[in-house]
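From first to last, the protein sequence lines stand for chains A and B.
The opening residue of the first sequence carries number 74 in the working numbering; numbering runs sequentially from there.
The opening residue of the second sequence carries number 444 in the working numbering; numbering runs sequentially from there.
Hints are computed from structural coordinates only; laboratory data are not their basis.
Even for Gly, the Cβ is constructed at its ideal location relative to N, Cα and C.
You may find that some hints are simply not true.
Unchecked claim - Derived coverage of chain A by chain B (criterion: at least 3 residues anywhere in the stretch with Cβ under 8 Å from a Cβ of chain B; other residues may be distant): (1) 86 to 99; (2) 195 to 209; (3) 235 to 249.
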Amino acid sequence: MKKVKVLIGNYGSGKSELALNFATQAAARGEKTELIDLDMVNTYFRLTERGKMVEQKEIRLVSPNFACGGIETLSLPAEVASAFVLDWDTVIFDVGGDDAGSTALGRYHKDFMELEPGSLEVLNVVNIRRPLASTLEKITILQEKMQIHSRLQITGMVNNTNLATMTSVNELRDGYELLKEVSEQTGIPVAYTTGKKEFLDAFLAENPDPKYVGTPIAIDMFMHRDWDSFIKYGLNTTNPKKEIY
Amino acid sequence: MALTLMKGSEAIAEAAIRAGARYFFGYPITPQTEIPEYMSARMPEVGGCFLQAESEVAAINMVYGAGGTGARVITSSSSPGVSLKQEGISYCAGANVPCVIINVMRGGPGLGNIQASQGDYFQGTKGGGNGDYHLLTFAPSSVQEFIDLMMVAYDKAEYYRIPVLFLADGIIAQMMEPVELPEMVDFKIDPEKKPWACTGWQPGDDPEKRGIINSIYIDTESLAVHNDELQAMYKTVIENEQQWEEFNCEGADYIITAFGTVARIAKSAITELKAQGINVGLIRPITVWPFPYDAIKKVVAQDSVKAVLDVELNEGQMLEDVKLAIGGAKDVDFFGHCGSQMPTTDEIVAKILSMKEGK
């Protein structure tokens with residue numbers, strides 16, 4: 074059965090980072106994988122910036138027209154249809170931030186509804202260290218708005234709480250506590266807990282309730298660039314003089 | 444105090460609110476649209492006002508009006524949008540209206556592109572609008588420094604009655620870093636402290652207490668008096684408000700001058716050069732107006748300093764002030780890019796090495 078993961082959530086919650094991780098892990102298992110950059114909002118920090126790496130891992134990448142061309146108006150490519158029509162093992166949608174970004178999914182409502190029951194996962198990626206996703210109220214309000222705009226039901230949350238280079242086990246623990254409350258209130262389960270291996274292991278060693286951890290997945294950093302890697306590789310990957318990751 | 448993971452734009456907006464800003468007027472433009480976006484969500488929470496104006500021209504005139512009441516007001520834009528605001532900025536400066544203006548610089552001239560740039564140095568420091576005026580102009584080099592400067596910006600703007608400009612490149616607005624936010628300042632408009640502000644004078648009230656916000660002085664003499672007062676104020680700003688950072692300057696063979704994020708890149712180059720046995724210092728203006736001429740002159744005057752390299756994300760704008768500061772005492776070379784290609788550590792290292800070899 075085709076597995077389709079749709080990643081939505083607050084800006085900067087780590088959707089692209091997770092999309093790259095889910096895709097590379099699926100490809101590494103030998104699955105035929107397609108990755109769809111459906112961010113129609115933000116022109117920067119898109120997974121298409123890591124396009125070369127994605128293709129090297131034999132993942133098919135679909136990007137909006139003009140993505141990374143320094144152009145402010147993005148448009149949906151017709152190739153998104155390939156996600157529904159072609160025979161993939163895994164398809165991952167990396168969607169733009171907030172309800173504004175989720176809106177792009179509404180266009181594919183009919184296609185999503187025609188997927189085999191049980192094949193679709195709609196995941197709300199949450200990083201509670203982001204200011205607009207830091208409380209129960211903020212998370213639930215955004216969750217509700219994203220469901221309306223995307224015309225999809227969120228099937229699970231992802232605890233991806235981190236502080237970039239300053240992350241510690243505290244981030245996952247605090248994320249766990251808050252998402253537990255959100256889950257109890259909304260009935261939406263925590264589907265995954267994600268983080269760098271060292272922090273994830275430390276968190277799991279504290280024996281959290283598996284019900285609010287979901288499937289733990291260790292991730293690598295593909296998207297986020299700290300200052301040192303930024304000045305090595307740069308930000309503007311369309312610059313022909315610079316190496317693309 | 445807890446750290447939070449914030450994009451530069453969000454941190455700038457939150458810091459302004461915590462510094463007392465309760466009015467945001469603006470018009471979206473990449474790469475700073477996250478500032479109005481954040482403001483639109485946050486201002487109602489603190490009882491403030493977010494208003495998306497119909498244009499940049501409208502937005503800056505709303506700043507002029509709201510600032511004239513003594514409120515803490517902010518607008519933000521990016522290069523082409525800030526060009527549109529210049530008339531209103533000149534009016535604010537002419538009428539001594541304290542306010543904060545943010546320019547997240549992008550590639551130019553004209554529409555340019557949406558990548559980072561430092562191409563508006565001339566516009567920010569030499570007066571983009573008409574008349575003899577200056578803006579207290581900060582050029583932060585990190586998200587945290589932006590926050591910290593924002594927390595004092597309104598106090599300074601109100602003390603001198605001068606508009607404050609932040610010149611930030613797109614990198615600062617777009618990058619995400621863990622930051623520490625200060626506590627909310629308890630700010631209220633105090634008519635006693637701001638006798639100039641328009642706070643609701645009515646016919647019959649004491650005429651002496653009528654605030655008038657104005658930049659028109661029809662007769663020659665009163666305009667001259669007004670300009671003399673402005674210039675006297677600028678003189679005290681020059682005397683008191685210059686800020687800069689010196690890094691590894693003592694006994695350095697070469698001095699790099701740079702501002703904003705480019706200075707942060709230069710620091711990495713300096714560390715690499717040190718490993719190769721070459722001693723290079725950095726002097727980074729934090730205020731680009733008033734420009735720290737004397738500080739640069741003093742550092743460069745050291746016997747050890749052979750030459751100066753100015754690095755910018757433009758074709759050499761601050762370079763002119765650096766040359767003025769040095770007054771021909773030492774050679775000044777330049778390295779930079781326009782078209783929004785960040786100078787890299789390797790490029791700066793290579794440039795210093797070529798200067799050393801006398802190329």
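Hint by hint, here is what the structure shows:
no., hint, result
1, 86 to 99, "violated (count 0)"
2, 195 to 209, "holds (count 6)"
3, 235 to 249, "holds (count 5)"
Checked against the numbered hints above, the structure breaks only hint 1 and satisfies the rest.
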